[in-house]
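Top line first, the protein sequences correspond to chains A and B. Here the working numbering is used: position 112 in the first sequence is 814, and no number is missing along the way. Here the working numbering is used: position 57 in the second sequence is 214, and no number is missing along the way.
For the record, the hints were derived by calculation from the structure and aren't laboratory data. Every residue, glycine too, gets a C-beta built ideally from N, C-alpha and C. Hints are not guaranteed to be accurate.
Said to hold, decoys possible - Across the chosen pairs, the derived CB separations fall in these ranges:
1) D766/A x C197/B: 28 to 38 Å
2) D164/B x G801/A: 23 to 33 Å
3) I264/B x G718/A: 33 to 43 Å
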Amino acid sequence: SAVISQKPSRDICQRGTSLTIQCQVDSQVTMMFWYRQQPGQSLTLIATANQGSEATYESGFVIDKFPISRPNLTFSTLTVSNMSPEDSSIYLCSVEVPGRYEQYFGPGTRLTVT
Amino acid sequence: RKEVEQDPGPFNVPEGATVAFNCTYSNSASQSFFWYRQDCRKEPKLLMSVYSSGNEDGRFTAQLNRASQYISLLIRDSKLSDSATYLCVVNPGGSYIPTFGRGTSLIVHP
């Protein structure tokens with residue numbers, strides 16, 4: 703398994719501003735993922751972040767809106783840019799256990815945009 | 158047809174009951190299957206993997222039916238603490254990108 707921390711745990715932001723969410727893992731991992739979860743909904747994958755390469759974004763998500771950094775094997779950031787109330791959600795990072803396809807999630811960042 | 162489908166419930170059962178959830182998947186090339194549990198306002202946590210031969214962990218039993226393309230989760234002797242949303246997760250063959258179902262809500266009452 704892996705222990706994952708996220709910062710901040712929650713934030714209230716004004717529209718038009720940006721927020722950077724940090725994800726730290728206690729071990730080196732290749733695959734890191736960023737998800738969004740709306741209230742009462744399942745998880746929606748935003749992008750996959752591999753160290754040393756550009757993030758791969760899912761349909762409906764673009765780099766200008768959700769830039770991602772992956773500077774090393776234990777850390778990643780997701781920025782939510784030019785926020786609007788529609789971006790209010792829980793943002794979760796996860797890591798994949800190498801070779802086992804199991805995912806472990808961080809505690810999430812609860813974002814409210816006013 | 159959605160890639161991974163679950164009955165959203167809620168399943169409302171008394172303590173001690175046995176409850177079963179099914180999850181169907183559309184990609185016949187899927188190779189890896191999991192059940193996750195998500196408590197209210199918490200992150201999903203891996204409950205168990207689902208192997209071709211089935212998997213049992215205490216009161217929880219997971220099974221895979223490749224011919225009919227579904228997986229199941231059986232919970233015996235339900236506890237109040239089992240109340241949560243159970244997410245079915247499927248990995249297509251050769252892909253590290255999982256597909257999550259919408260989840261099945263379970264409420265266990267006294």
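Tested hints:
1. D766/A x C197/B: 28 to 38 Å: Check passed, 33 Å falls within 28 to 38 Å.
2. D164/B x G801/A: 23 to 33 Å: holds (32 Å)
3. I264/B x G718/A: 33 to 43 Å: holds (40 Å)
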